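Enquirer: We have chain A already, so just place chain V on it with the hints.
Number of protein chains: 2
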Amino acid sequence: MSITLTVAEKKVAGKLAGIKEKSGSHSPSPAMLSGVGVIVRHDFCYLSNPHATDLFLKRWRKDFSREAKLRNLVELYPSQNRALAEKVGEMVNVSSGHIFVGNGATEVIQAVLHNFTEKKMLVPVPTFSPYLEFAPKSVRVIQHQLEKTDLFRLDLHKLLAEIRREKPDTVVIINPNNPEGGLVNANDLHLFLKRLRGVETVIVDESFIHFSGRKIESIAPLVKKYPNLIVIKSLSKDFGIAGLRLGYGVMSEKRVSALLERGYLWNVSGFGEYFLNLLNNKTFLKEYEQARLRAIEERDAFFTELQKIRTIKVYPSKANMFLMELLDGSKASDLSVRLLVRHGIYIRTCYDKVGLNGEFIRIASRTTTENLKLIGALKNILPE
Amino acid sequence: MSITLTVAEKKVAGKLAGIKEKSGSHSPSPAMLSGVGVIVRHDFCYLSNPHATDLFLKRWRKDFSREAKLRNLVELYPSQNRALAEKVGEMVNVSSGHIFVGNGATEVIQAVLHNFTEKKMLVPVPTFSPYLEFAPKSVRVIQHQLEKTDLFRLDLHKLLAEIRREKPDTVVIINPNNPEGGLVNANDLHLFLKRLRGVETVIVDESFIHFSGRKIESIAPLVKKYPNLIVIKSLSKDFGIAGLRLGYGVMSEKRVSALLERGYLWNVSGFGEYFLNLLNNKTFLKEYEQARLRAIEERDAFFTELQKIRTIKVYPSKANMFLMELLDGSKASDLSVRLLVRHGIYIRTCYDKVGLNGEFIRIASRTTTENLKLIGALKNILPE
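Residue numbers (full-length UniProt numbering), protein chains in the order written: chain A, 1 to 384; chain V, 1 to 384.
Bound-form chain A, shown alone:
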């Protein structure tokens, strides 16, 4: 039996629609929801590893017990871009000249699309919307539709065929993809890159790669071999620090220089720089690895539980989120309102995802305790 909203729930639905309108193709923040009197207790909408946030806060408490250190972060200008790149280089395993540090991956996406696209860009959909929205007006964006029958997995053969047909100067691959978490194997991607030498720019977004498995198979080091390759990565999700705004792009040294020549001088805050310093702290990295593996285990356990709910179809994922389709005739918007009103749980509906039609929701994987709460709430709202 599908969901029918009560009068009170319809009122909340109206409020949500109002603030959603102000948020474009993104979800209103929990702060915006609280502004209209809707309290989020569990945020399954934004994608973040809460164990990594715990770890960051633990370091913070230790490092800022003396106020003088905090004062420096607030009062002084942070380091310039090239100095920040050195702090990222070791983790990425490329020299710092190949790294452009950004104020969140969104800034990197914007910088890359505004500077290195030419006329035609091919983007698989559904995907992270800035790739569709940030291109300059002069660039035509071609959507490469991922098929529901393929579980929305990217098929490199189909993509290659469309590249040969459309001849774009820029190709985008999000790996694992958002919203469904499908992963393309690093070896396959390498073979694919060999065939794409004629394409001016190949963007591979690895923002979720830290959730892909025990071993992280980033193709970032290949920028040395393929000057057309740009690997983009957010640090928000895996490290649980969206509020700090940090991401980076790995690309040819020439392109990094082109970006820094005319801007991006002090684009990371003192707090962001503090975090980049942690990336060079062995103890932090060791503890982070535990937080990362724990998130992966919890994600896999969550999948097993979600699969048991017969009224939803859950797509397998190598990111820290799941795309789910409602099978009982319920509307995704009604489910999201009921979860909020009855359980304080905030999820993402997918109506605004280009290339995705139907009643879909996307949920983050969080801690085991929170994941079980969502399972309980879903079973309660969507009985079989």
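These aren't lab readings, by the way, just hints derived from the structure by calculation.
Here the structure is a predicted model, which means the values were calculated and not measured.
Honestly, I wouldn't trust all of these hints.
Because identical chains share one entry, a pair is satisfied inside a single copy or across any pair of copies.
Capping the alpha-carbon separation at 30 Å, the derived lysine-lysine pairs in DSS-like fashion look like this [claimed, not checked]:
#1 Lys-254 with Lys-119
#2 Lys-373 with Lys-194
#3 Lys-158 with Lys-224
#4 Lys-22 with Lys-87
#5 Lys-224 with Lys-22
#6 Lys-120 with Lys-254
#7 Lys-148 with Lys-318
#8 Lys-167 with Lys-137
#9 Lys-254 with Lys-331
#10 Lys-69 with Lys-286
#11 Lys-22 with Lys-282
#12 Lys-254 with Lys-137
#13 Lys-87 with Lys-69
#14 Lys-215 with Lys-225
#15 Lys-331 with Lys-194
#16 Lys-353 with Lys-254
#17 Lys-286 with Lys-224
#18 Lys-11 with Lys-120
#19 Lys-69 with Lys-22
#20 Lys-10 with Lys-318
#21 Lys-158 with Lys-373
Expert: Coordinates of chain V only, in the frame set by chain A:
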């Protein structure tokens, strides 16, 4: 008698030259200096109101006594640009649709120059270097030389004459100007704007306007009347929060929309958003006003003392800094090294300032105690 460096000082001079090379037309950060073993005890290079930093840290201690609040700042995505603009609007006294919030004024400068310049831009020199460096390659930058005989003050008649000669599409005015702190009266600027209706873009940078006097005469509200006007402002200097990266541009609603349509989605960190919330807190604003007036009084008292040193010429300033010329034949670089080595005092030499030739230094005005330390050190190094 001019300065002659000792062997030990020459060694430090070499280290400084090395890191300066990596910093372009900006100064190496105190952190970079410490990286080569040079410790900064008093930073007179970067421009910031230390009383405002005190105030911010006081609020911080109060607001983040509960870790849950800090966690939200770290873990959650901050608000999107338009929501942030609403938080700035009240202070600026224009509606939020006219406001573009930036990750520091440097991001605003970059956004404006990359999007709204056409072929020719006129920039008075010496000035803040990003205005010379961030223009797109296709834009010719014409330097309007400020005269030493005018104390480097901008003469609007001379500027107007050059505008008529050169016919630029973009004109830049920094008010008060950096490095010397010269102020153009708001009324004169308004009359000037009336004559510039034919110029596509007039950028007025008011990053130091909060230090100009008891009354702040910003021309930002004129954007409603002059769609070609763009007012840019850093929040780093007056509010003592350079590490947070915050600034804004006030411009036509059409231009704000053009910028936000293709980027700048989450360009301010959670910590930046926390500060923007303070701008709507009456108690904070009242306390800030005291910190602001105190900085102005200290600046004026500092000027009186600096004028007593006969071996330097100090230029009058309405910003929180002074441009000074060495009159005893000493080199600015030698003075800066000696101040660092003997007194832990970091100042800015001006060799890289386009349009400024000779032995000039720029110093910030800080607290009375620190200012007196610099006076003592200068008297010690440059005896009459």
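Enquirer: For Lys-11 and Lys-120, with the copy left unspecified, which applies at a CA distance of at most 30 Å: within, between, both, or neither?
Expert: Answer is neither; intra-copy 44 Å and inter-copy 54 Å both fail.
Enquirer: Regarding Lys-254 and Lys-137, is the shortest C-alpha distance of 30 Å or less found within a copy, between copies, in both, or in neither?
Expert: Both ways: Lys-254 and Lys-137 sit 24 Å apart in one copy and 16 Å across, limit 30 Å.
Enquirer: Checking an output row: Lys-215 and Lys-225, CA cutoff 30 Å. Within, between, both or neither?
Expert: Classified as within: same-chain Cα gap 22 Å, cross-chain 59 Å, threshold 30 Å.
Enquirer: Within a copy, between copies, both or neither: where do Lys-254 and Lys-331 come within 30 Å Cα-Cα?
Expert: neither (49 Å within a copy, 37 Å between copies)
Enquirer: Regarding Lys-10 and Lys-318, is the shortest C-alpha distance of 30 Å or less found within a copy, between copies, in both, or in neither?
Expert: neither (35 Å within a copy, 57 Å between copies)
Enquirer: Classify it for me, Lys-120 with Lys-254: is the Cα-Cα distance of at most 30 Å met within a copy, between copies, both or neither?
Expert: both (22 Å within a copy, 26 Å between copies)
Enquirer: What label fits Lys-22 with Lys-87 when the C-alpha limit is 30 Å: within, between, both, or neither?
Expert: This pair counts as between: shortest inter-copy Cα distance 15 Å, intra-copy 36 Å.
Enquirer: I want to check one pair: Lys-286 and Lys-224. Are their C-alpha atoms no more than 30 Å apart within a copy, between two copies, both, or neither?
Expert: Intra 28 Å, inter 55 Å, cutoff 30 Å: intra-copy only.
Enquirer: For Lys-224 and Lys-22, with the copy left unspecified, which applies at a CA distance of at most 30 Å: within, between, both, or neither?
Expert: between (42 Å within a copy, 23 Å between copies)
Enquirer: Treating 30 Å as the Cα threshold, decide for Lys-87 and Lys-69: within, between, both or neither.
Expert: both (19 Å within a copy, 28 Å between copies)
Enquirer: With 30 Å as the alpha-carbon cut-off, assign the pair Lys-69 and Lys-286 to within, between, both or neither.
Expert: both (24 Å within a copy, 27 Å between copies)
Enquirer: At 30 Å max between alpha carbons, let me know whether Lys-331 reaches Lys-194 within a copy, between copies, both or neither.
Expert: neither (44 Å within a copy, 57 Å between copies)
In summary, the numbered hints that this structure violates are 2, 9, 15, 18, 20, 21.
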